[in-house]
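Student: Sequence:
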Amino acid sequence: MPFTYEVVQHKKDNHEFIQITGFEGEVRDLVIPAEIDGKSVEAIGNHAFSGRNDIRTAQIPETVKTLYGFSFHNCRNLCKISLYDSIDDYYDGVCRQCDSLTDIDITIKRDWYEVIRNFLADNDKTLRFTIHRQQETSQLTFPEYVYDFADNTMARTIQFSISGSGYAYRECVDRRKINYREYDKLFEKALIDGNMISEDIAVGRLIYPHELDDSFRTIYEDYARANMKDILERLVQRASQEIDTTGVIRALNQYGKDLVSDEALDHGLKLATEKGLTLVSAALMDKHQDNSSALEFKF
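Using my numbering, the first residue of the sequence shown is number 1, and each one after it goes up by one.
The reader is advised that the hints may include incorrect statements.
[Claimed, not checked] Below, computed lysine-lysine pairings styled on DSSO-like, alpha-carbon distance capped at 30 Å:
1. K125 to K229
2. K177 to K109
3. K65 to K39
4. K189 to K80
5. K257 to K275
6. K80 to K177
No lab work stands behind these hints: they were computed from the structure.
Assemble the whole structure, with the sequences as input and the hints as a guide.
Tutor: What follows is the structure, encoded as C-alpha coordinates:
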(Lines of atoms letter the chains of each structure in order from A and count residues from 1; the text may use other names and numbers.)
(Lines give C-alpha, C1' and ligand atoms only; values in the text may rest on other atoms or scores of the structure.)
Protein backbone atom coordinates (compact mmCIF):
# COMPACT_ATOMS: atom_id res chain seq x y z
CA MET A 1 0.00 0.00 0.00
CA PRO A 2 1.49 3.40 -1.00
CA PHE A 3 0.35 5.07 2.23
CA THR A 4 3.00 5.61 4.88
CA TYR A 5 1.78 5.36 8.45
CA GLU A 6 2.59 4.56 12.02
CA VAL A 7 0.81 2.50 14.64
CA VAL A 8 -0.15 4.62 17.64
CA GLN A 9 -1.45 3.58 21.05
CA HIS A 10 -4.40 5.62 22.29
CA LYS A 11 -3.61 7.47 25.52
CA LYS A 12 -7.00 6.82 27.14
CA ASP A 13 -7.94 3.21 26.42
CA ASN A 14 -4.62 1.93 24.98
CA HIS A 15 -6.16 0.61 21.75
CA GLU A 16 -3.90 0.73 18.70
CA PHE A 17 -4.81 2.72 15.61
CA ILE A 18 -3.25 3.96 12.39
CA GLN A 19 -1.98 7.49 11.88
CA ILE A 20 -1.37 8.33 8.22
CA THR A 21 1.95 10.11 7.65
CA GLY A 22 2.03 10.40 3.86
CA PHE A 23 1.66 8.79 0.44
CA GLU A 24 4.42 7.45 -1.80
CA GLY A 25 4.15 8.37 -5.47
CA GLU A 26 1.70 10.64 -7.23
CA VAL A 27 -2.05 10.62 -6.71
CA ARG A 28 -4.77 12.84 -8.15
CA ASP A 29 -7.77 11.61 -6.15
CA LEU A 30 -6.63 10.67 -2.66
CA VAL A 31 -8.86 8.10 -0.93
CA ILE A 32 -7.74 7.41 2.62
CA PRO A 33 -8.70 3.89 3.75
CA ALA A 34 -10.76 3.26 6.88
CA GLU A 35 -8.51 0.38 7.88
CA ILE A 36 -4.91 -0.78 7.37
CA ASP A 37 -3.65 -4.19 8.50
CA GLY A 38 -6.78 -4.73 10.55
CA LYS A 39 -6.37 -1.48 12.49
CA SER A 40 -8.66 1.54 12.23
CA VAL A 41 -7.30 4.67 10.54
CA GLU A 42 -8.05 7.40 13.09
CA ALA A 43 -5.63 10.24 12.42
CA ILE A 44 -3.82 12.13 9.67
CA GLY A 45 -0.44 13.28 10.92
CA ASN A 46 1.36 16.60 10.94
CA HIS A 47 2.31 17.73 7.41
CA ALA A 48 1.22 14.32 6.06
CA PHE A 49 0.35 15.71 2.62
CA SER A 50 1.57 19.30 2.85
CA GLY A 51 3.18 20.90 -0.18
CA ARG A 52 1.86 18.37 -2.71
CA ASN A 53 0.73 19.66 -6.10
CA ASP A 54 -0.66 16.38 -7.44
CA ILE A 55 -3.69 15.99 -5.15
CA ARG A 56 -6.97 17.36 -6.56
CA THR A 57 -9.49 15.70 -4.23
CA ALA A 58 -9.24 14.00 -0.85
CA GLN A 59 -11.71 11.56 0.74
CA ILE A 60 -11.41 11.06 4.48
CA PRO A 61 -13.28 8.12 6.07
CA GLU A 62 -15.61 8.25 9.05
CA THR A 63 -13.04 6.46 11.21
CA VAL A 64 -10.74 9.51 11.23
CA LYS A 65 -11.10 11.54 14.42
CA THR A 66 -8.02 13.77 14.30
CA LEU A 67 -6.54 16.05 11.64
CA TYR A 68 -3.14 17.15 12.88
CA GLY A 69 -1.49 20.46 12.06
CA PHE A 70 -0.86 21.39 8.43
CA SER A 71 -1.88 17.94 7.21
CA PHE A 72 -2.92 19.35 3.79
CA HIS A 73 -1.10 22.67 4.04
CA ASN A 74 -0.03 24.30 0.77
CA CYS A 75 -1.65 21.70 -1.50
CA ARG A 76 -2.05 24.23 -4.28
CA ASN A 77 -4.27 22.12 -6.56
CA LEU A 78 -6.50 20.56 -3.90
CA CYS A 79 -10.03 21.66 -4.80
CA LYS A 80 -12.31 19.36 -2.77
CA ILE A 81 -12.28 17.51 0.55
CA SER A 82 -14.92 14.94 1.53
CA LEU A 83 -15.26 13.87 5.15
CA TYR A 84 -17.61 13.22 8.11
CA ASP A 85 -18.48 15.02 11.32
CA SER A 86 -16.40 12.39 13.11
CA ILE A 87 -13.54 14.88 13.50
CA ASP A 88 -13.06 15.67 17.20
CA ASP A 89 -9.64 17.32 16.97
CA TYR A 90 -8.73 19.75 14.20
CA TYR A 91 -5.31 21.32 14.56
CA ASP A 92 -4.04 24.56 13.12
CA GLY A 93 -3.33 24.99 9.41
CA VAL A 94 -4.96 21.81 8.05
CA CYS A 95 -5.99 23.47 4.77
CA ARG A 96 -4.12 26.75 4.95
CA GLN A 97 -2.67 28.04 1.67
CA CYS A 98 -4.74 25.55 -0.32
CA ASP A 99 -5.48 28.22 -2.90
CA SER A 100 -7.68 26.04 -5.14
CA LEU A 101 -9.84 24.63 -2.34
CA THR A 102 -13.47 25.56 -3.01
CA ASP A 103 -15.59 22.60 -1.91
CA ILE A 104 -16.06 20.71 1.34
CA ASP A 105 -18.43 17.74 1.23
CA ILE A 106 -19.44 16.65 4.73
CA THR A 107 -21.78 13.95 6.01
CA ILE A 108 -23.43 14.77 9.33
CA LYS A 109 -24.28 11.84 11.60
CA ARG A 110 -23.75 13.30 15.08
CA ASP A 111 -25.24 16.79 14.62
CA TRP A 112 -21.68 18.01 15.13
CA TYR A 113 -20.81 21.10 13.07
CA GLU A 114 -17.55 21.99 14.78
CA VAL A 115 -15.50 20.69 11.85
CA ILE A 116 -17.28 23.18 9.57
CA ARG A 117 -16.37 25.97 11.98
CA ASN A 118 -12.78 24.75 11.96
CA PHE A 119 -12.47 24.79 8.18
CA LEU A 120 -14.00 28.27 8.04
CA ALA A 121 -11.63 29.56 10.71
CA ASP A 122 -8.65 28.02 8.93
CA ASN A 123 -9.42 29.52 5.53
CA ASP A 124 -10.56 33.08 4.80
CA LYS A 125 -11.28 32.31 1.13
CA THR A 126 -14.69 31.46 -0.33
CA LEU A 127 -15.74 27.92 0.62
CA ARG A 128 -18.82 25.96 -0.42
CA PHE A 129 -20.12 23.23 1.90
CA THR A 130 -22.41 20.45 0.71
CA ILE A 131 -23.90 19.11 3.94
CA HIS A 132 -25.52 15.67 3.87
CA ARG A 133 -27.90 14.60 6.61
CA GLN A 134 -29.98 11.45 6.89
CA GLN A 135 -33.04 12.98 5.24
CA GLU A 136 -31.87 16.14 3.52
CA THR A 137 -28.94 17.95 1.94
CA SER A 138 -28.07 21.62 2.07
CA GLN A 139 -25.43 23.64 0.29
CA LEU A 140 -24.00 26.83 1.73
CA THR A 141 -21.41 29.16 0.24
CA PHE A 142 -19.36 31.21 2.70
CA PRO A 143 -17.77 34.27 1.06
CA GLU A 144 -14.20 35.31 1.64
CA TYR A 145 -13.16 38.17 3.89
CA VAL A 146 -10.05 40.21 4.61
CA TYR A 147 -8.96 40.88 8.18
CA ASP A 148 -6.57 43.81 8.42
CA PHE A 149 -5.06 46.03 11.07
CA ALA A 150 -3.03 49.21 11.10
CA ASP A 151 -0.79 50.61 13.81
CA ASN A 152 -1.70 54.23 14.58
CA THR A 153 1.52 55.41 16.21
CA MET A 154 0.30 58.90 16.99
CA ALA A 155 -2.79 57.67 18.81
CA ARG A 156 -0.96 54.64 20.23
CA THR A 157 -3.74 52.37 19.03
CA ILE A 158 -4.15 49.46 16.64
CA GLN A 159 -7.11 49.79 14.29
CA PHE A 160 -8.78 46.63 13.04
CA SER A 161 -10.97 46.27 9.96
CA ILE A 162 -12.82 43.44 8.24
CA SER A 163 -13.71 43.65 4.55
CA GLY A 164 -16.22 41.37 2.87
CA SER A 165 -19.28 39.54 4.18
CA GLY A 166 -17.48 36.27 4.86
CA TYR A 167 -16.81 36.91 8.54
CA ALA A 168 -20.50 37.58 9.27
CA TYR A 169 -21.52 34.46 7.33
CA ARG A 170 -19.11 32.35 9.36
CA GLU A 171 -20.80 33.49 12.57
CA CYS A 172 -23.93 31.57 11.50
CA VAL A 173 -22.28 28.23 12.30
CA ASP A 174 -22.36 26.92 15.85
CA ARG A 175 -21.03 23.64 17.21
CA ARG A 176 -24.45 22.04 17.22
CA LYS A 177 -26.37 23.90 14.53
CA ILE A 178 -26.38 26.26 11.59
CA ASN A 179 -28.60 29.33 11.80
CA TYR A 180 -30.09 29.22 8.30
CA ARG A 181 -32.36 32.20 8.83
CA GLU A 182 -29.44 34.39 9.87
CA TYR A 183 -27.47 33.05 6.90
CA ASP A 184 -30.25 34.08 4.50
CA LYS A 185 -30.61 37.51 6.10
CA LEU A 186 -27.00 38.28 5.15
CA PHE A 187 -27.66 38.01 1.41
CA GLU A 188 -27.87 41.78 0.97
CA LYS A 189 -24.30 41.98 2.30
CA ALA A 190 -23.15 39.27 -0.12
CA LEU A 191 -24.50 41.32 -3.02
CA ILE A 192 -21.80 43.88 -2.30
CA ASP A 193 -19.13 41.20 -2.74
CA GLY A 194 -20.08 40.65 -6.39
CA ASN A 195 -22.20 38.47 -8.64
CA MET A 196 -20.17 35.26 -8.51
CA ILE A 197 -20.55 34.93 -4.74
CA SER A 198 -24.20 35.96 -4.78
CA GLU A 199 -25.01 33.55 -7.60
CA ASP A 200 -23.41 30.65 -5.73
CA ILE A 201 -25.38 31.45 -2.58
CA ALA A 202 -28.71 31.90 -4.37
CA VAL A 203 -28.51 28.80 -6.56
CA GLY A 204 -27.29 26.60 -3.71
CA ARG A 205 -30.16 27.67 -1.47
CA LEU A 206 -32.79 27.22 -4.20
CA ILE A 207 -31.65 23.74 -5.20
CA TYR A 208 -31.23 22.62 -1.59
CA PRO A 209 -33.88 24.66 0.30
CA HIS A 210 -33.24 23.28 3.79
CA GLU A 211 -35.02 25.56 6.31
CA LEU A 212 -35.55 28.17 3.58
CA ASP A 213 -38.26 30.70 4.45
CA ASP A 214 -40.61 31.67 1.61
CA SER A 215 -39.64 35.34 1.85
CA PHE A 216 -35.97 34.54 1.28
CA ARG A 217 -36.87 32.01 -1.39
CA THR A 218 -38.52 34.80 -3.38
CA ILE A 219 -35.44 37.00 -3.01
CA TYR A 220 -33.16 34.23 -4.25
CA GLU A 221 -35.51 33.38 -7.13
CA ASP A 222 -35.66 36.99 -8.32
CA TYR A 223 -31.89 37.31 -8.17
CA ALA A 224 -31.21 34.00 -9.94
CA ARG A 225 -33.78 34.78 -12.63
CA ALA A 226 -32.19 38.16 -13.34
CA ASN A 227 -28.68 36.66 -13.52
CA MET A 228 -29.42 33.28 -15.10
CA LYS A 229 -27.54 34.07 -18.30
CA ASP A 230 -24.31 34.57 -16.35
CA ILE A 231 -25.05 31.58 -14.11
CA LEU A 232 -25.40 29.20 -17.05
CA GLU A 233 -22.33 30.66 -18.72
CA ARG A 234 -20.26 29.88 -15.63
CA LEU A 235 -21.68 26.36 -15.42
CA VAL A 236 -20.78 25.69 -19.04
CA GLN A 237 -17.29 27.06 -18.47
CA ARG A 238 -16.83 24.80 -15.44
CA ALA A 239 -17.98 21.82 -17.49
CA SER A 240 -15.30 22.60 -20.06
CA GLN A 241 -12.77 22.17 -17.23
CA GLU A 242 -13.94 18.56 -16.67
CA ILE A 243 -16.19 19.44 -13.73
CA ASP A 244 -19.64 17.83 -13.80
CA THR A 245 -22.28 20.57 -13.74
CA THR A 246 -25.10 18.69 -15.48
CA GLY A 247 -26.90 18.03 -12.20
CA VAL A 248 -27.29 21.68 -11.25
CA ILE A 249 -28.24 22.63 -14.83
CA ARG A 250 -31.05 20.07 -14.81
CA ALA A 251 -32.17 21.22 -11.37
CA LEU A 252 -32.39 24.82 -12.56
CA ASN A 253 -34.27 23.79 -15.70
CA GLN A 254 -36.80 21.81 -13.70
CA TYR A 255 -37.26 24.40 -10.96
CA GLY A 256 -40.17 26.11 -12.69
CA LYS A 257 -41.41 29.67 -12.08
CA ASP A 258 -39.64 30.74 -15.29
CA LEU A 259 -36.35 30.71 -13.40
CA VAL A 260 -34.49 29.95 -16.65
CA SER A 261 -35.57 32.24 -19.47
CA ASP A 262 -35.46 31.19 -23.11
CA GLU A 263 -32.78 33.82 -23.70
CA ALA A 264 -30.55 32.43 -20.95
CA LEU A 265 -31.17 28.87 -22.13
CA ASP A 266 -30.28 29.70 -25.73
CA HIS A 267 -27.12 31.47 -24.58
CA GLY A 268 -26.00 28.48 -22.51
CA LEU A 269 -26.86 26.04 -25.28
CA LYS A 270 -24.87 28.04 -27.81
CA LEU A 271 -21.79 28.04 -25.57
CA ALA A 272 -22.09 24.32 -24.81
CA THR A 273 -22.43 23.49 -28.51
CA GLU A 274 -19.38 25.59 -29.39
CA LYS A 275 -17.33 23.73 -26.79
CA GLY A 276 -18.62 20.32 -27.89
CA LEU A 277 -20.17 19.55 -24.49
CA THR A 278 -22.83 17.03 -25.50
CA LEU A 279 -23.99 16.10 -21.99
CA VAL A 280 -24.28 19.74 -20.98
CA SER A 281 -26.31 20.49 -24.10
CA ALA A 282 -28.64 17.61 -23.24
CA ALA A 283 -29.03 18.90 -19.68
CA LEU A 284 -29.86 22.37 -20.96
CA MET A 285 -32.59 20.99 -23.19
CA ASP A 286 -34.03 18.66 -20.55
CA LYS A 287 -36.93 20.17 -18.62
CA HIS A 288 -38.86 16.99 -17.94
CA GLN A 289 -36.51 14.58 -16.16
CA ASP A 290 -37.51 13.69 -12.61
CA ASN A 291 -35.67 15.81 -10.07
CA SER A 292 -36.82 14.04 -6.92
CA SER A 293 -33.37 12.89 -5.83
CA ALA A 294 -30.71 15.15 -4.38
CA LEU A 295 -28.27 16.58 -6.89
CA GLU A 296 -24.77 17.63 -5.98
CA PHE A 297 -24.22 21.26 -6.81
CA LYS A 298 -20.77 21.81 -8.30
CA PHE A 299 -20.69 25.43 -9.34
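Student: Quick one: which hint numbers does this structure break? Sort them smallest to largest.
Tutor: none
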